[in-house]
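Heads up: the sequence lines are chains A and B, in that order.
Letter by letter, the first sequence follows residues 907 to 1118 in the working numbering.
Letter by letter, the second sequence follows residues 907 to 1118 in the working numbering.
Treat the hints as calculated values from the structure; they're not laboratory data.
A portion of the hints provided could be inaccurate.
Note: identical chains are not told apart, hence a pair may lie in one copy or across any two.
Using 25 Å as the maximum straight-line C-alpha spacing, the simulated DMTMM-like pairs for lysine to aspartate or glutamate come out as follows [stated by the list, open to error]: (1) Lys964 to Asp1012; (2) Lys1088 to Glu1051; (3) Lys908 to Glu1110; (4) Lys940 to Glu1110; (5) Lys964 to Asp1008; (6) Lys940 to Asp1071; (7) Lys908 to Asp1071; (8) Lys1053 to Glu985; (9) Lys927 to Glu953; (10) Lys908 to Glu986.
Just so it is clear, the structure is predicted and the values come from calculations on it, not from any experiment.
Number of protein chains: 2
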Amino acid sequence: MKVILIGATGIIGKIILSQLKKYEDIDIVTVSRKGNTDLIADISSAEQIREMYAKVGKFDAVINAAGECWIGPFAEMTEENMYVGIKSKAMGQINLVMIGKDYINDGGSFTVTSGFLSDDPIKGTINYSVANGAIDNFVFAASIELKRGIRVNAVSPGWVVENYDGKMNSPAVGQYPVSHDKVAHAYYKSAFGYLTGQVFRVWEPSTQYIRK
Amino acid sequence: MKVILIGATGIIGKIILSQLKKYEDIDIVTVSRKGNTDLIADISSAEQIREMYAKVGKFDAVINAAGECWIGPFAEMTEENMYVGIKSKAMGQINLVMIGKDYINDGGSFTVTSGFLSDDPIKGTINYSVANGAIDNFVFAASIELKRGIRVNAVSPGWVVENYDGKMNSPAVGQYPVSHDKVAHAYYKSAFGYLTGQVFRVWEPSTQYIRK
């Protein structure tokens, strides 16, 4: 089973990669913008996405943990700033599915990444809230139009910290970090399970607000 | 109290306008792209938004019911198609708030429009699902950064039909249309009430799916 893991060198990507490596039936193609990976691609470019798929050939799953957004106060934000996240985390991930659906094997799956900031915002990350909101709802709409048993889900990780030191005064103000293992399980469930059009929220319910 | 009503000639805009006219304390400035309105502006252009605000001067509320998206099957969709809704319904409405926040009176409000397609998609309208999802979550993130008591909400209308003929075989497949009066009440509540960062879903609960 061939899986393309994009954003393999980021915090989330490393968590997924270290877990997927344990499964002999999974053949992983790692991708990043500039890391030491099998392939190099920037998802904000549709052309680079097409080149990536052409190099990989047939595959069964895409797991994307790449996508950037602008960070800064709303008072200083411009349209150009907003387009950083629109082009990368929103349109980049949509293009991974929109272009990839013509290459993926029957019954394959796409797993994209949103994040808690759409439902439980913090200051300075409006661009993430917008891009994540677009992605949370894109997967649902796309799921009813995909053919050949192809699935698409989003994983929405909570507050993920690389090396948690127990301090509460992070930008996420008191949020309790989510377990790396739980994050990995959600990506595995999305990629190899049965559901489609879903948002798998890997949240710490005691301190993360689940918006109605 | 001065209210800018954008998209005043559309189905939703006409519903809002006919109701707001009943209140003597509300001075309405109507705006559309090409209609018989007080001002002409296309919200997909940040420049035209700036010109609109400059012409209006001081105001207390913006209600936007404008914003277009591309309609068509996912199988035929391109990145360019997706950007129709991103530039108009998503970025256009974000720009109304991002630019307008520097002009609006203290305690003023912005009301933007999403719609049920983010939470209860139908085929052929992925662009709406993406743009509406961006807007549903933008208002929440923006609400925690706006100053001077300025509020921002979205109204998410359900299936709105101009002249309902009782037929179920619409593109929304069996959805029972929502009452025009209820739609107008939600915009009024958003514009003149107390809450911020909310999505007012004006849905018919018997046939519209409320996604978790």
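Cross-check of the supplied hints:
1. Lys964 to Asp1012: within (10 Å within a copy, 57 Å between copies)
2. Lys1088 to Glu1051: Intra 29 Å, inter 31 Å, cutoff 25 Å: neither.
3. Lys908 to Glu1110: neither (31 Å within a copy, 44 Å between copies)
4. Lys940 to Glu1110: neither (32 Å within a copy, 49 Å between copies)
5. Lys964 to Asp1008: within (10 Å within a copy, 51 Å between copies)
6. Lys940 to Asp1071: For Lys940 and Asp1071, the Cα distance exceeds 25 Å both inside one copy (29 Å) and across copies (58 Å).
7. Lys908 to Asp1071: So Lys908 and Asp1071 fail the 25 Å test inside a copy (36 Å) and across (51 Å) alike.
8. Lys1053 to Glu985: Result: close only across copies, 19 Å inter versus 35 Å intra.
9. Lys927 to Glu953: neither (29 Å within a copy, 51 Å between copies)
10. Lys908 to Glu986: neither (37 Å within a copy, 30 Å between copies)
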